[in-house]
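Protein chains in written order, with our numbering: chain A, 1 to 245; chain B, 1001 to 1406.
Careful: at least some of the hints might be erroneous.
Unchecked claim - In silico DSS-like pairs for lysine-lysine, Cα to Cα no more than 25 Å straight-line:
no.: 1; chain 1: B; residue 1: K1241; chain 2: A; residue 2: K146
no.: 2; chain 1: A; residue 1: K146; chain 2: B; residue 2: K1250
no.: 3; chain 1: B; residue 1: K1250; chain 2: B; residue 2: K1161
no.: 4; chain 1: A; residue 1: K165; chain 2: A; residue 2: K146
no.: 5; chain 1: A; residue 1: K146; chain 2: A; residue 2: K63
no.: 6; chain 1: A; residue 1: K31; chain 2: B; residue 2: K1241
no.: 7; chain 1: A; residue 1: K116; chain 2: A; residue 2: K216
no.: 8; chain 1: B; residue 1: K1219; chain 2: B; residue 2: K1161
no.: 9; chain 1: A; residue 1: K63; chain 2: A; residue 2: K229
no.: 10; chain 1: A; residue 1: K229; chain 2: A; residue 2: K216
no.: 11; chain 1: B; residue 1: K1250; chain 2: A; residue 2: K25
no.: 12; chain 1: A; residue 1: K165; chain 2: A; residue 2: K229
no.: 13; chain 1: B; residue 1: K1250; chain 2: B; residue 2: K1124
no.: 14; chain 1: A; residue 1: K31; chain 2: A; residue 2: K63
no.: 15; chain 1: A; residue 1: K146; chain 2: A; residue 2: K116
no.: 16; chain 1: A; residue 1: K25; chain 2: B; residue 2: K1241
no.: 17; chain 1: A; residue 1: K31; chain 2: B; residue 2: K1250
As the list claims (entries may be wrong) - A partial selection of chain A residues facing chain B, derived with a Cβ cut-off under 8 Å:
no.: 18; residue: G24
no.: 19; residue: K25
no.: 20; residue: G26
no.: 21; residue: F27
no.: 22; residue: F29
no.: 23; residue: P32
no.: 24; residue: R135
no.: 25; residue: V137
no.: 26; residue: S138
no.: 27; residue: Q139
no.: 28; residue: F140
no.: 29; residue: I143
No wet-lab data here; the hints were simulated from the structure. Glycine is no exception: its CB is placed at the ideal position from the N, C-alpha and C atoms.
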Amino acid sequence: MQTAAAALIAIVALAPRAGAQGSGKGFLFHKPVGSFALRGGYAVANASSDVFSDATTQLTLNKGDFSGFNWGGDISYSTGDRWDLLFDGEVAYSKKDSEFRKFIDNNNQPIEQTTKFTRVPLTIGLKYYLTSRGRSVSQFAYIPSKFAPYVSVGAGAMYYDFQQKGDFVDFETLDVFNTTLESTGWAPMGRGAAGVEYSLGPWLALTGEGRYVWAKAKLDPSAFDGYDKIDLDGFTGTVGIRVRF
Amino acid sequence: MQFDIDRKANGTSAVLAAVLLLGSALAAGAQDTQLASNDARWGPWIGCWQSSSRDAVSMELAPNKSAPVICFMPATGNARVDFVTINEGTAGAPEHVDANGTRRAVDREGCTGWEIADFSADAKRIYLHSEHQCTGNRTRTSTGIMSMTPDGEWLDVQGVKVNERTGVRVAHYGRVPIPPALNADLRAKVEAVKLATNTAVIAASDSVRIADVIEASKKLDPLVLQTWLTERGQGFNLDAKRLTQLADAKVPSNVIDVMVALTYPQTFAVNLAQADGQVVRAAGDPQVAMDEQMHAGPTIFMDWDPFYSNAYGYGYGYRYGTYGFGNGNAYGGTWYGSPIVLVKPANLNLPQETNGRMVRGRGYTRGSGGGGSGSVSPSGRTSGGSSSSGGSSSSGSTGRTAKPRP
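In isolation and in its complexed conformation, chain B is listed as follows (with noise of 0.2 Å):
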């Protein structure tokens, strides 16, 4: 099955065709997958996934409708493995999803080039990489991580570079009950394995390693793994011998601080800020629009994200121009600029209360958690502070989450 599809003309479809990068490999008949030959290294991922509370805010779901939840099945031949999209109850057709590392060649919608995808090493995670040439003589190229968070939830951070432009997405998936949408063999397949996929997800959740790290270095823009080591929050053992070890391996520096931040959260804050120039989305405005509104680029649906839907009419996938990235708010990620590493004053190591805010159009965000004077960005900059809008982990939380009434 050739995966181009029409999603304007066809939301249902357009849910299927986007998937991570991944894409590639995608092939009718996934309902024939033989258990016995399945992957070992998707098990984290086998089970229904469903975008977590705070992205859910994010996307701005309507009060009666739910965001889409999607659902791995072990499928047949290596690092493949089947998903299905249900959308409102209705569970679209079985496609595949490719890991085994090899390029795929990309012809869609004004943009040509490449995509690939392959596990870590220790097959703990998923890097996805991929380069377009777009209409407009853009060159798109983008980097990404699936991983598993210790809390179990299916963590996804994907960065898009468009010229010299670069913008990061986070979204947090967690796992949800089988659908009744999905059919009886495909709920088989996934109960199946229920026992091997949590032994999986706890070993897929376990700490990074400073390989980890250097391995993910070699695969991702600085960016992408600054977020990604951000949004985990773990902390490293770091000695002068390890963090030689870092720099030998050309680690970028501001990888190495972030590890450094994060190793020593009592001197340290980390904020994940939005980009420089970052787009602010006018209230009720739809994407597309704004984009007319700023610039005269083309808007260019990329389709990573097995959340992405027009269905929902305000579904635009990774989205680019000439004034920089918007909201991906069709699968409710938050997009982020550099992370700026906050230095702490001494007298701030107990837990701050956070100077909240309201955004004209946007609603309330939490604050910098008072790290604000004197931060230096790891580029030199000085900041004030920049807030985390999305939910993203910060100083100062209270650990609860909100969630959409139902």
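Next comes chain A alone, as it looks inside the complex (with noise of 0.2 Å):
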């Protein structure tokens, strides 16, 4: 997170100086061939699937605690006045200490484990600005809008990880286990976003963005064992800054 926030203020404080060759009050010498974004903000897990619902019964987890922080970022390239070919990648991260709910240890100790949820979608999009994102008044001067709305769709794949670490109940024996039960894998993945872009300078917008994701995939059944596909849908909501170029 500390890292994401270095990079925004990096941006923040080189993108006027790399800009000032090429920018003059308001516009830009040329128009711009594509942007980059970094983002950040919160992505809200569906986390509507059986596993999740088993680990809630079981433990003091409920469905918010699969939802974290979110951040990440794109590369776009600019295809036509409104379209984007977009690359996206992002990371959505919690992580939640737990213990059982029904269950205490020998010593009336609790339970204890950490559940961690990991979604790294990584997509290939389109993105088309609802209104012109600028308009070039000559070879030599383009003029971004304050406001550029936006809607955006891709498709690609989803790393997951959902990793339970601790001490568990086994249920046939009520014996307390330490163990890591993970699966990680990859999943189709599909994404629609709306979002809007506010220019802070020629070459600097500020950008708010909602997002849904939407993919499943299988758990490793050797350590969640006959569930069904794991929930990875959910809605992000970033702000974050964009640098045309």
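Since each chain sits alone in its own frame, please combine them into the complex, following the hints.
See the structure below:
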């Protein structure tokens, strides 16, 4: 998180200098070829599959505990006045300590474990600006619009990692044992997003976006036996900085 | 007095006939002008002018010849001024010039059409426009602008388009003392308004504003406007709002490009390039001979320039032909093609040593100033950077100028 924040600060600080040779007051000397963005926000996990239900039933977890901070970015290439080809990646991560709701150990101590849930969607997509995102008044003068709302869709693959590590109760023997249960893998995914960009300067824009991702993945049966596919869907809200180039 | 002078037969009269396309309402009897009724808009031009040293060089004057001098004097009537041309110490008859914005029919030397001249809204510039149908089914349109530079020079930029070919001529005139040949009455008229003239010059040489460019874009060929802006070299306080204002006013994008380039000289350099396919004058060959050699089309003499004169033996005014424009050597201007905006590499912000070159039959010329690689023209073509002969301003200038030996 600190790294992401530092990167954002660096972009904000360095972008005006980088653009000094290529921009005037509120305009660019050329139409941007593309842009890149760094975003941060919060990813709300849908967590509706049975593996989450069991976890929240047995452990002091609730659905919201699978949600967590999200950061990511994209790089886009302008393919038309309103269209961008977009390569997007982000990481949503949650970590929550818990204990068994219904069990304590033989020393009256809680039986504790930690649950981590990581999702890394990587997509390629198209982004469409609902209004003009800028105006070329000449070959050497491009004026970015103050506001530029957009929608985008994308498809790709999501990497996930669902891990529970700590002490667990054997439901057959009631023994407490220590283990790590983990399932990782890739799943095909789709996403849709809508957002708006607010120009802070010719090179820089503040961006706010909401997106929903769809993905379901098989769980490793050696760790999570008999479960349906894990629900990787979720809504993500982010704000960030976009730098045109 | 009819504006119809056989300049081949009478060189002195030819000088008088050639006035800026303003030639309307030429009339005798200018001596009767009443100072009280003069049009103040002509104020900056009142006085005597001579082609500037840099243009005089391109005129290729003989060592014992000097460039003609034209003197403007207040005249009776709205938008009117009188002028007298002085060649080799001999003053011609006074003539009237009218810039009242009304169209005047013209029929001379194989061309028929109209001419018009009017002042800008702030009266700091004069716009010229003409259209002629000439023999050979050629259509000739022209626009021009007269203005004062911040240095107090009279900057004259005029463009001629024949069919699809366009060329722009730039001429600079400097103020000179009243020649002794000017008679006492006319001299008195000039001197009577000397202080007012100086004041008018200062006012007229004011910075060009965004609104001025918008106005000029309605009056001038884009190439003329680009060239005029480039010659002035003035930057603008451009921002997104003003750029939008320009674009909404339909100012041509290549004009906006020049404005951007002038505003950000650390990033851009503007080079006035001579027109593609321009006929290069062979050493010693008179222009007409070259024309005959290159094509069979007629040479048509147009009479915009007050310094036009064939009395010097080389005088040809605006002229055109199938192969493009030649130099208007009679009056020392320089012909240009499309201004090319060069994008400077970031490491060339410091003054660069220019790359001069010698052109066979023409002499030395300044190079592109080191901004050659990666240059892009407004039309998108790549250019290695062209020179601006005739001494127009560009990067790498020392600020010095040359003049003919006395």
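Structure-based check of each hint:
{"no.": "1", "hint": "K1241(B) x K146(A)", "result": "holds, 11 Å"}
{"no.": "2", "hint": "K146(A) x K1250(B)", "result": "holds, 22 Å"}
{"no.": "3", "hint": "K1250(B) x K1161(B)", "result": "holds, 21 Å"}
{"no.": "4", "hint": "K165(A) x K146(A)", "result": "violated, 48 Å"}
{"no.": "5", "hint": "K146(A) x K63(A)", "result": "violated, 38 Å"}
{"no.": "6", "hint": "K31(A) x K1241(B)", "result": "holds, 17 Å"}
{"no.": "7", "hint": "K116(A) x K216(A)", "result": "holds, 17 Å"}
{"no.": "8", "hint": "K1219(B) x K1161(B)", "result": "holds, 14 Å"}
{"no.": "9", "hint": "K63(A) x K229(A)", "result": "holds, 17 Å"}
{"no.": "10", "hint": "K229(A) x K216(A)", "result": "holds, 6 Å"}
{"no.": "11", "hint": "K1250(B) x K25(A)", "result": "holds, 21 Å"}
{"no.": "12", "hint": "K165(A) x K229(A)", "result": "holds, 20 Å"}
{"no.": "13", "hint": "K1250(B) x K1124(B)", "result": "holds, 22 Å"}
{"no.": "14", "hint": "K31(A) x K63(A)", "result": "violated, 45 Å"}
{"no.": "15", "hint": "K146(A) x K116(A)", "result": "violated, 40 Å"}
{"no.": "16", "hint": "K25(A) x K1241(B)", "result": "holds, 9 Å"}
{"no.": "17", "hint": "K31(A) x K1250(B)", "result": "holds, 19 Å"}
{"no.": "18", "hint": "G24", "result": "holds, 6 Å"}
{"no.": "19", "hint": "K25", "result": "holds, 4 Å"}
{"no.": "20", "hint": "G26", "result": "holds, 3 Å"}
{"no.": "21", "hint": "F27", "result": "holds, 5 Å"}
{"no.": "22", "hint": "F29", "result": "holds, 7 Å"}
{"no.": "23", "hint": "P32", "result": "violated, 14 Å"}
{"no.": "24", "hint": "R135", "result": "holds, 7 Å"}
{"no.": "25", "hint": "V137", "result": "holds, 4 Å"}
{"no.": "26", "hint": "S138", "result": "holds, 4 Å"}
{"no.": "27", "hint": "Q139", "result": "holds, 5 Å"}
{"no.": "28", "hint": "F140", "result": "holds, 5 Å"}
{"no.": "29", "hint": "I143", "result": "holds, 4 Å"}
Checked against the numbered hints listed earlier, the structure breaks hints 4, 5, 14, 15 and 23; every other hint is satisfied.
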